[in-house]
Amino acid sequence: MAAADDPHLSFAAIRKIYDGAIAVDGVDCKIPIGQFVALVGASGSGKSTLLKTVNRLIEPTSGRVLLEGKDVVDLPAPVLRRRIGYVFQGIGLFPHMDVAENIGIGPRLAGAPLASERIAELLEWVELDGGYASRMPGELSGGQRQRIGVARALASEPRLLLMDEPFGALDPVTRDALGKRTRALHDRLGLTTIMVTHDMAEALLLADRVLVMHGGRIVADESPHGLLAGAGGKIAQALVAVPREQAGRIEALEA
Amino acid sequence: MSEIWPILLGLGDKLAAHVVLAASAIALGIVVALPLAVWASRVPFMARVVLGFASLVQTIPALALLALFFPILLSLRAIFGEGLPTLGFLPALLALALYALLPILRNAVTAREHMAPGVLEAANGVGMTGWQKLRLVEAPLAAPYVMAGIRTAAVWTIGAATLSTTIGQPGLGDPIFAGLQTQNWALVLAGCIASAGLALVADVLLGMIERGFAGRRKWLVWGGLAVAATGIVASALALRPVADSNDRIVIGAKSFSEQYILAQLIGGRLEKAGYTVEYRDGLGSAVVHNAVTTGAIDISIDYTGTLWTNQLGREDNPGREEIYRIIVDWERETTGTHVLGRLGFDNAYALAMRRDRAARLGIETLADLARLSPQLTIGGDVEFFERPEWIAVREAYGFNFAQRRNFTTTFMYNALQSGEADAISAYTSDGRIAADDLLVLEDVKGAFPAYDALVLIAPEHADDTGLLAALEPLVGAIDVEAMREANFAVDREKGKQSPQQAARQLAARLGL
Numbered sequence: 581m582a583a584a585d586d587p588h589l590s591f592a593a594i595r596k597i598y599d600g601a602i603a604v605d606g607v608d609c610k611i612p613i614g615q616f617v618a619l620v621g622a623s624g625s626g627k628s629t630l631l632k633t634v635n636r637l638i639e640p641t642s643g644r645v646l647l648e649g650k651d652v653v654d655l656p657a658p659v660l661r662r663r664i665g666y667v668f669q670g671i672g673l674f675p676h677m678d679v680a681e682n683i684g685i686g687p688r689l690a691g692a693p694l695a696s697e698r699i700a701e702l703l704e705w706v707e708l709d710g711g712y713a714s715r716m717p718g719e720l721s722g723g724q725r726q727r728i729g730v731a732r733a734l735a736s737e738p739r740l741l742l743m744d745e746p747f748g749a750l751d752p753v754t755r756d757a758l759g760k761r762t763r764a765l766h767d768r769l770g771l772t773t774i775m776v777t778h779d780m781a782e783a784l785l786l787a788d789r790v791l792v793m794h795g796g797r798i799v800a801d802e803s804p805h806g807l808l809a810g811a812g813g814k815i816a817q818a819l820v821a822v823p824r825e826q827a828g829r830i831e832a833l834e835a
Numbered sequence: 058m059s060e061i062w063p064i065l066l067g068l069g070d071k072l073a074a075h076v077v078l079a080a081s082a083i084a085l086g087i088v089v090a091l092p093l094a095v096w097a098s099r100v101p102f103m104a105r106v107v108l109g110f111a112s113l114v115q116t117i118p119a120l121a122l123l124a125l126f127f128p129i130l131l132s133l134r135a136i137f138g139e140g141l142p143t144l145g146f147l148p149a150l151l152a153l154a155l156y157a158l159l160p161i162l163r164n165a166v167t168a169r170e171h172m173a174p175g176v177l178e179a180a181n182g183v184g185m186t187g188w189q190k191l192r193l194v195e196a197p198l199a200a201p202y203v204m205a206g207i208r209t210a211a212v213w214t215i216g217a218a219t220l221s222t223t224i225g226q227p228g229l230g231d232p233i234f235a236g237l238q239t240q241n242w243a244l245v246l247a248g249c250i251a252s253a254g255l256a257l258v259a260d261v262l263l264g265m266i267e268r269g270f271a272g273r274r275k276w277l278v279w280g281g282l283a284v285a286a287t288g289i290v291a292s293a294l295a296l297r298p299v300a301d302s303n304d305r306i307v308i309g310a311k312s313f314s315e316q317y318i319l320a321q322l323i324g325g326r327l328e329k330a331g332y333t334v335e336y337r338d339g340l341g342s343a344v345v346h347n348a349v350t351t352g353a354i355d356i357s358i359d360y361t362g363t364l365w366t367n368q369l370g371r372e373d374n375p376g377r378e379e380i381y382r383i384i385v386d387w388e389r390e391t392t393g394t395h396v397l398g399r400l401g402f403d404n405a406y407a408l409a410m411r412r413d414r415a416a417r418l419g420i421e422t423l424a425d426l427a428r429l430s431p432q433l434t435i436g437g438d439v440e441f442f443e444r445p446e447w448i449a450v451r452e453a454y455g456f457n458f459a460q461r462r463n464f465t466t467t468f469m470y471n472a473l474q475s476g477e478a479d480a481i482s483a484y485t486s487d488g489r490i491a492a493d494d495l496l497v498l499e500d501v502k503g504a505f506p507a508y509d510a511l512v513l514i515a516p517e518h519a520d521d522t523g524l525l526a527a528l529e530p531l532v533g534a535i536d537v538e539a540m541r542e543a544n545f546a547v548d549r550e551k552g553k554q555s556p557q558q559a560a561r562q563l564a565a566r567l568g569l
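Listed in order, the protein sequences are those of chains A and B. The working numbering numbers the first residue of the first sequence as 581 and each following residue consecutively. The working numbering numbers the first residue of the second sequence as 58 and each following residue consecutively.
In case anyone wonders, no lab produced these hints; they're calculated from the structure. We treat Cβ as the ideally placed atom computed from N, Cα and C, and that holds for glycine. Don't take every hint at face value.
Part of the chain A face toward chain B, derived, beta carbon under 7 Å [said to hold, decoys possible]:
no., residue
1, 676
2, 686
3, 689
Estimated spans, in silico, between C-beta atoms of each pair [claimed, not checked]:
no., chain 1, residue 1, chain 2, residue 2, range
4, A, 643, B, 92, 32 to 40 Å
5, B, 114, A, 659, 49 to 57 Å
6, A, 586, B, 186, 27 to 35 Å
The following residues of chain B were derived to be distant from chain A, with all beta-carbon distances above 12 Å [as the list claims (entries may be wrong)]:
no., residue
7, 137
8, 341
9, 375
10, 403
11, 439
12, 449
13, 499
14, 534
Let the sequences and hints guide you as you build the complete structure.
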C-alpha cells in the first residue's frame, strides 16, 4: 500500500509524436491521491493526448506513466482500463444494451456482474430514478446519457477517474448540474480525478488544481485561487481573462 | 396456367436440390465473408483488397463463373487426386459461394465503417479485449447490416443457382433450360415460378431475422432461423439417395432436343431392364465428354465429328469409317470409355438459309455464300463460333460475314425466319429443316466432318453386360428420317411432344 503522500499518478518525460508533429512534448507531473485536477488548454494543446496515455488509449512515443507507483504498461491494457473510470465527450453508450447493461459492462467483463441494487445505487449517484435501468440509450436525452456515462465509469469502483471534455456537448444548465454532481461524487468516493476541458470557468469552479497546456507542454500549474490572483503566466492568464471579463460584463448589465 | 400446376408439383426433387445447393453456397459464403470482414475492419488496406476482389468476381457473368470451375477443378486433380468431382455439386457450390461473398462482405465492412466512433472508444475505455469488443459490440451492431447482405446474397444465389444446370447440377434450372430448348413455355414458367417463389420465401425469412436483430426481438431471429433450417433439412432428407447402388445409371444430355429424346430412349430401355435411371439434361457440350469419361455420368450420346476435332484434336479427314474406328480405339486406350456403337444417323453441322432468300441471292453452295458474306449476317448456336468445325469451314471458304450473332438453337431458327440472320448453323438431323423448308447449302469442299451419333459408356460400366445388352439393339437402328421426325415432334410450335413422348414414339416406329 502506497503511503498517503505518494503520488497516485505520475507522468515522467511523456512525449507523443504523430507523423512528425509533436502532440505532447516532455510532460513531468505528479498527481496526489484525492486531487481533482483540471487539464486546460486550447484545441491541439495536447491535453487529451496526455490524458489518454494513462489508460493507454494512446501509447506515448517515450516516457512512462506510473499508476500507484507501477508502470501502466506492466498490465494488459484491458485489465488496466477496467480499474480506471473513463468519461468522454462522445459518451459512447452501447446502443444495443439497456441502461443497466451499459452501467454494468465493466464488472461483467471482469467476471463479477452487478446486482440490480448496485445498478440502482449508481443511478441514484447520478440523480436518476431506478426506473431508468431498463431504458435503451436511444430513449434518453444527451444529459441523461452522460449521467449514465458517469455511472458506467464508476461501476467498477475505480480510484482514478479520467474525463475528456465530459460535459462539452451538453446544454449549460445540465453541464453545470452534472459538473457539480461529479465534484460531489469525487469528494464522497475519495477519487482522484483528471478532467480535460477547454473551459477555464469550469476548471476554476470544479478543480483543486489547474494545469494549463500549450504546445504539448504544461505552462502553468496553479490552484484556482492562484490563477485568479494572477499567477501562472501569460497563456494561463489569457484563458482566465475570458470568464472574468464575461462576468464583469454581466455585472455591468445588471447595474 | 392449367399446364403449369402439374409441372410445378413434379418439381419436388429439383426444388430440394436447389434449396440444398443455394443454402450450402450461402453458408459457405458467410463462413468465408465474416472472418474476411473482421480482418478488413482491423486492417484498412485489407478492406480495399477484399472488396476489390469480391467486386471483380461479381463482374464475371454467373454462367461463365460456373463453367470456369470445371477447368479449375480439373487442374486441381493434380493435387487432390482423380476423385475430385469436376461437375455437379462441387463446382456449383464454389462458384455460387464466391458470388455470395460480395453483398455479405460489403455490408459487413460498411457496417463497421459507419459504427459510431464513440461506441468503439467506449468499448476500449471500459476494458474490452479485442475478442470481447467483436462479440459484445461490433457483431451485434453489425448484425442487421450483415443480415441485409445475406438476404441480398440469398436472392442472388437462388437465382444464379438455376444456371448450375449447365454444369450438371440438378436444380430448378433444369425445367427452364429444357423448356427453352424445346420451346415448352409451361416448363420454363414453372421453373421460373418455383425459383422466384423460393427466393421470395428466403427473402421473407431472412428479413424476419434481420428485423429481429435490428429490433432486438429474439423470437423473430429464432423463428426465422427455425423455419429456414426446417426447409433445408427437409430438402436434404428428401435428396438422400435411397440406395446408391451400381444399378443407378445417370444419362447425360447436351442442351438440345435430339439429346433429350435419345436420353429418354436409352433411359426407357434401361428401366425395362431393371435399372434405376437418372437424367442430367442441359449439360454444356464441352463438359459432357469429360463427365462420361470420369464417371460423373454413365452414358452420353456424342458425335464422331465433335470427338474427332475437340477430343482428338484432329483436323484431317481420313474418311467416315476410319474416323469412327480411330475414335473407338482412342477412347478405349486413353479414357477407358466404351463406345457402344453408332446409332445409324448423322447429325452434321451445316449452314442453312431460307429457300426464297437463297434463290434471290443466287446462293446454292458454301462457296456462293462466302462470296456474298460481307453483306450478310450469320447466326450460330451459343458455342458454334468457338468450335473447330466453324474455324475449319471459315478457313476453307474464306467467310467474312458482316455480323455474327449467337442464339439458343430454338431462337436461331426463329431468327432465320424473321430475317435477323441470313444463314444459320443447322444440324442435318433437325426436323425444322424440312418443316421450315430450309435450304442446306452444299459443302462443296467437304470442310464439315461427318457427325455419326454414337453412344459412350463410362469406364465403370464398360463391362456391364446387362446394360450393354439392353442398349445393343439401338446400334444402327435409327435412320435420319426417324430422328428428324422425333426432333420435330418436340421442336414444333403446335402439338409439341415432351422428349419422353417423342422417345416412346420413336421406339415404336423403329420396333424397339
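Inset, instruction - Closer than 7 Å between Cβ atoms is the bar; does residue 689 (chain A) clear it against chain B? Give me holds or violated. - result: Holds - the Cβ of residue 689 (chain A) comes within 7 Å of chain B, reaching about 6 Å at its closest.
Inset, instruction - May I ask you to check that residue 375 (chain B) keeps its beta-carbon over 12 Å from the closest beta-carbon of chain A? - result: holds, 76 Å
Inset, instruction - Could you let me know if the closest chain A CB is still more than 12 Å away from the CB of residue 403 (chain B)? - result: The assertion about residue 403 (chain B) holds, with a minimum of 70 Å to chain A.
Legend entry - Least C-beta distance from residue 341 (chain B) to chain A larger than 12 Å: holds, 49 Å
Legend entry - Interface exclusion of residue 137 (chain B) relative to chain A, criterion Cβ beyond 12 Å: holds, 43 Å
Inset, instruction - Evaluate the given range 27 to 35 Å for the C-beta pair formed by residue 586 (chain A) and residue 186 (chain B). - result: holds, 30 Å
Legend entry - Verdict on residue 534 (chain B) as a residue remote from chain A, using beta-carbon distances over 12 Å: holds, 72 Å
Legend entry - Minimum beta-carbon distance criterion (7 Å), residue 686 (chain A) to chain B: Holds, about 5 Å.
Inset, instruction - Using Cβ atoms only, decide whether residue 676 (chain A) comes closer than 7 Å to chain B, and label the hint accordingly. - result: holds, 5 Å
Inset, instruction - Determine whether the Cβ-Cβ distance between residue 643 (chain A) and residue 92 (chain B) falls within the hinted range of 32 to 40 Å. - result: The hinted range 32 to 40 Å holds for residue 643 (chain A) and residue 92 (chain B), with Cβ atoms some 38 Å apart.
Legend entry - Reported absence of residue 499 (chain B) from the contact zone with chain A (all CB gaps over 12 Å): At about 77 Å from chain A, residue 499 (chain B) clears the 12 Å cut-off, so the statement holds.
Inset, instruction - Could you see if the CB distance from residue 114 (chain B) to residue 659 (chain A) stays within 49 to 57 Å? - result: violated, 43 Å
Checked against the numbered hints above, the structure breaks only hint 5 and satisfies the rest.
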